[in-house]
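Protein sequence lines correspond, in order, to chains A and B. Counting from 1, one number per residue, gives the positions in the first sequence under the working numbering. Counting from 1, one number per residue, gives the positions in the second sequence under the working numbering.
In case anyone wonders, no lab produced these hints; they're calculated from the structure. A virtual CB, placed ideally from N, CA and C, is assigned to each residue, including glycine. Just to be clear, a hint being listed does not mean it is correct.
Stated by the list, open to error - If you want a taste of the chain A side facing chain B, the calculated C-beta under 7 angstroms gives, among others: (1) V154; (2) G191; (3) A198; (4) L208.
What the hints assert, rightly or not - Examples of chain B residues lying across from chain A (beta carbon under 10 angstroms, computed): (5) L35; (6) A63; (7) W64; (8) L168.
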Amino acid sequence: MAESWLPWKRAVPPDHPAGCGDEQLMWRVRMSDDPQAFAALMQRWEKPIHSLCARMTGDVHRAQDLSQDAFARLFARRKSYEPSGRFSTFLWRIALNLCYDELRRLKRRPELPLDTAGRANRPDEPQDDDAGALSSSAPAPDAIVAGEERAAAVRAALGQLSEPYRAVLVLRHYEGLKFREIADVLDIPEGTVKSRMAEALSQLGRLLMPALNERENLCNETKPRVILAI
Amino acid sequence: MQRDKTPGHPGDLDPVADPTACTQHPARDEWMAWLYDELPRNRHSELKAHLASCPQCATQVAAWQAAMKELDAWTAPAPAPREASSEVWRWSNGFKWAAAAAVMLSAGFLAGRLNSAATPEAVRAAVATNVSQQMQAARAELASELNHTLLNQLASLNESNRVEVTRLFADLASTISEGRAADQQNVLAALKELDARWLGIYASFRRELETVAILTETELKDTQQQLVQMANFNDINK
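The following block holds chain A by itself, in its conformation from the complex (with noise of 0.2 angstroms):
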């Protein structure tokens, strides 16, 4: 569909860096250390990194430095960025060795989060007061404890799964990205990636089985006393 010559419909004006693909952004700072265009690729990646960074660790405080040395990395980088490669590719994969030098570190040296069981060490929730949370249409308490709890046992089944393991699976899952592209990620035939994939699956099911198991139990025996409580 042709974009809108309206000025306010338009959400991105051509002549700015926004407008341009990501391999002609990065070129630009590459070449000429374009501070748009570095802005421009930040505002575009660094929700996924982000993302990426927060699965891979478990912690969205830790996630949030990570993606800005993953940044920082990037534009370090820069003159070492082939035009005839993808962007995408080579930041993943800054991000994703920063993701394993920071699980190397802490394997070396664990840390115990002050807040484990708060809210600010959870990745799925907003930082900011919520105020969505008060309004009639947010889900019931019982509901949000539920899905803390199920979110909570998914984190920690990703914690226990290994390192290229968790990694296929985040990539694949959650961000999105085809397994081609993971190949070209990690540098491994895309039918290894496959593989780890089903493996990552299969031992995540095994470690999430106790929990479904209990979940299951516990609805049915609630069912019949919300029913008597009607």
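Place chain B on chain A using the hints.
Just chain B now, kept in the frame of chain A:
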């Protein structure tokens, strides 16, 4: 833990456990592509048909799908509200609100002026006329400003495109010239190295040749002396 991924083994299942089951199970790789909708349409249909007829594969795929569903329980962090990045957008929005506010203020002012002296119908008619005039004026002004803005945008777009293309060409030219200069330097260095090598070979060859010449001369002198001695010896014997 790496598992067998050859066809005939549906992932985590043991094919020996069910002797009645089919033996040609699709590989796990294919099931992954099927689950994430990355297979060609015909192969996708084949796997779907296999799934309907093979309980082993159906169980395995259901387990994978359950795991995938659980993964969805951990939702992504909420996106930050997007800021309007376009100056034009901000400006035009502000202009619209300013025009609307001006219309409403003037209508209110006029209504207040007429309210004390005229009937409600007259006030309504006067307000309607006034509002209509104001709206037309605001619309005309907005259209004029809009045209002006669009023309400016178009001009700046052309200019920025031209500058960008020129800059890219300049970058390309500098890259090519840098590459060419580097090539020339490499060829020059190679030629110098070749020259030095040839000089070395020539010097060594010359030394060897001189050595041979000196040795030959010495040998010739020795031979000459021996011939003279042999001649003297013959003369003595006679």
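Status of the A/L208 interface restraint (C-beta, 7 angstroms, chain B): With a closest approach of 5 angstroms, the A/L208 hint holds.
Supplied contact hint for B/L168, tested at 10 angstroms Cβ to chain A: With a minimum Cβ separation of about 8 angstroms from chain A (threshold 10 angstroms), the hint on B/L168 holds.
Interface hint status, B/A63 versus chain A (Cβ within 10 angstroms): With a closest approach of 5 angstroms, the B/A63 hint holds.
Evaluation of the interface hint that places A/G191 against chain B, nearest CB under 7 angstroms: Check passed: Cβ of A/G191 comes within 5 angstroms of chain B, closer than 7 angstroms.
Evaluation of the interface hint that places B/L35 against chain A, nearest CB under 10 angstroms: holds (8 angstroms)
Hint check: 7 angstroms Cβ-Cβ cutoff, A/A198 to chain B: Constraint on A/A198 satisfied, holds at 4 angstroms.
Interface restraint verdict for A/V154 against chain B (beta-carbon cut-off 7 angstroms): holds (4 angstroms)
Status of the hint placing B/W64 at chain A (closest C-beta pair under 10 angstroms): Hint holds; B/W64 Cβ to chain A Cβ min 5 angstroms, cut 10 angstroms.
When held up to the earlier numbered hints, the structure conflicts with none and fits them all.
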